[in-house]
Amino acid sequence: MAEQRARPLSPHLGIWRWGPGMTASIFHRISGGALTVAGLAVLTWWLLSLADGADAYGDFSAIAGTWVGLVVLIGLTWAFFQHLLSGIRHLIMDTGENFELGGNKTSAIATFVGAVVLTAAVWFYVLGVAK
Amino acid sequence: MSLGDSSSQLGKVRGLGSAREGGEHWIGERVSSVALLFLGAWLIASLLFLPSLDFATISEWLRSPLGAVPMALFIVTSFYHGLDGLKVVVDDYVHDAGSNFALNTLLLFAAVGGAAFALFALAKIAFGAAA
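Top to bottom, those sequences are chains A and B. Those letters in the first sequence? Residues 1 to 131, by this note's numbering. Those letters in the second sequence? Residues 1001 to 1131, by this note's numbering.
No lab work stands behind these hints, which were simulated from the structure alone. Small disclaimer: the values here were computed from a predicted structure and weren't measured. Careful: at least some of the hints might be erroneous.
Claimed, not checked - Pulled a few chain A residues facing chain B out of the computed Cβ check, cut under 7 Å:
id, residue
1, H28
2, G32
3, L48
4, A51
5, Y57
6, G87
7, I92
To be verified - Here are the simulated distance ranges between beta carbons:
id, chain 1, residue 1, chain 2, residue 2, range
8, A, G58, B, P1051, 13 to 21 Å
9, B, V1034, A, R17, 32 to 40 Å
10, B, T1105, A, L101, 39 to 47 Å
11, B, L1073, A, E97, 38 to 46 Å
12, A, W18, B, P1070, 34 to 42 Å
13, B, P1051, A, L101, 14 to 22 Å
14, B, L1050, A, V113, 24 to 32 Å
15, A, T66, B, A1116, 27 to 35 Å
16, B, L1050, A, A120, 17 to 25 Å
17, B, F1101, A, K105, 35 to 43 Å
We put the beta carbon where it would ideally sit given N, CA and C, even for glycine.
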């Protein structure tokens, strides 16, 4: 087959200005990946430690309570709420709604604000109760 | 329109697109997302409102039907939905047919294996003797 000449490509990632819509889209994918890989690993580890007995669960709790453990758990909480809220937004868009520029932008921003607020609320409550 | 019959009449005439299938995956991802909306809210609320997160409290909770059954549903649905999501990512970015098949097979094994370990741990907690 003859060597093909470089053909003109449609404008791609490089020329777009970042906006709330595309940020929500890629964060949906990143948070979903993090929840699947790290979230389900932590869930399985937690259940296995519970099944193993009080000592193993104590080891899990001790690791979860270190600052690395807390960063992972707070990160997963945020990923959960981000994915949940942008997932709801996707379900609404599946019905054909929310494609007007203004409303679409507002709902994208709302997912980020909502996820941070909910994550903060959960962890203020958890760390407040733990004290 | 049944679950596995999600393409339009025109799509049927044209042979369901190049892959001849695919609607089931898209629908399944959304149905499981709605289930996880409820199950995820249940999990977060349960962890927040349990009187304590120590071994005895969590074990007792997961021995009761209202703890063990939703947890089993959460395990199955979240591994299913996570596998669905990561498959979309692989299909989007890995175009070589061999690598695509290998990665999707690896994902399937990891998801089924992970879910099996989590379900085993839950069964051991739920059906084990009270401490």
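Quick rundown of the hints versus the structure:
1. H28: At 9 Å from the nearest chain B Cβ, H28/A fails the 7 Å test, so the hint is violated.
2. G32: Because about 5 Å separates G32/A from the closest Cβ in chain B, which is inside the 7 Å limit, the hint holds.
3. L48: holds (5 Å)
4. A51: Holds, because the Cβ-Cβ distance from A51/A to chain B comes to roughly 4 Å (cut-off 7 Å).
5. Y57: holds (5 Å)
6. G87: holds (5 Å)
7. I92: violated (12 Å)
8. G58/A <-> P1051/B: 13 to 21 Å: Holds - the Cβ-Cβ distance for G58/A and P1051/B, about 18 Å, lies within 13 to 21 Å.
9. V1034/B <-> R17/A: 32 to 40 Å: holds (34 Å)
10. T1105/B <-> L101/A: 39 to 47 Å: Since T1105/B and L101/A have Cβ atoms about 41 Å apart, the given range 39 to 47 Å holds.
11. L1073/B <-> E97/A: 38 to 46 Å: Because 29 Å falls outside the window, the suggested range is violated.
12. W18/A <-> P1070/B: 34 to 42 Å: holds (39 Å)
13. P1051/B <-> L101/A: 14 to 22 Å: violated (48 Å)
14. L1050/B <-> V113/A: 24 to 32 Å: holds (28 Å)
15. T66/A <-> A1116/B: 27 to 35 Å: holds (29 Å)
16. L1050/B <-> A120/A: 17 to 25 Å: holds (21 Å)
17. F1101/B <-> K105/A: 35 to 43 Å: Given a distance of about 39 Å, which is inside 35 to 43 Å, the answer is holds.
The structure fails hints 1, 7, 11 and 13 (numbered hints given earlier, in ascending order).
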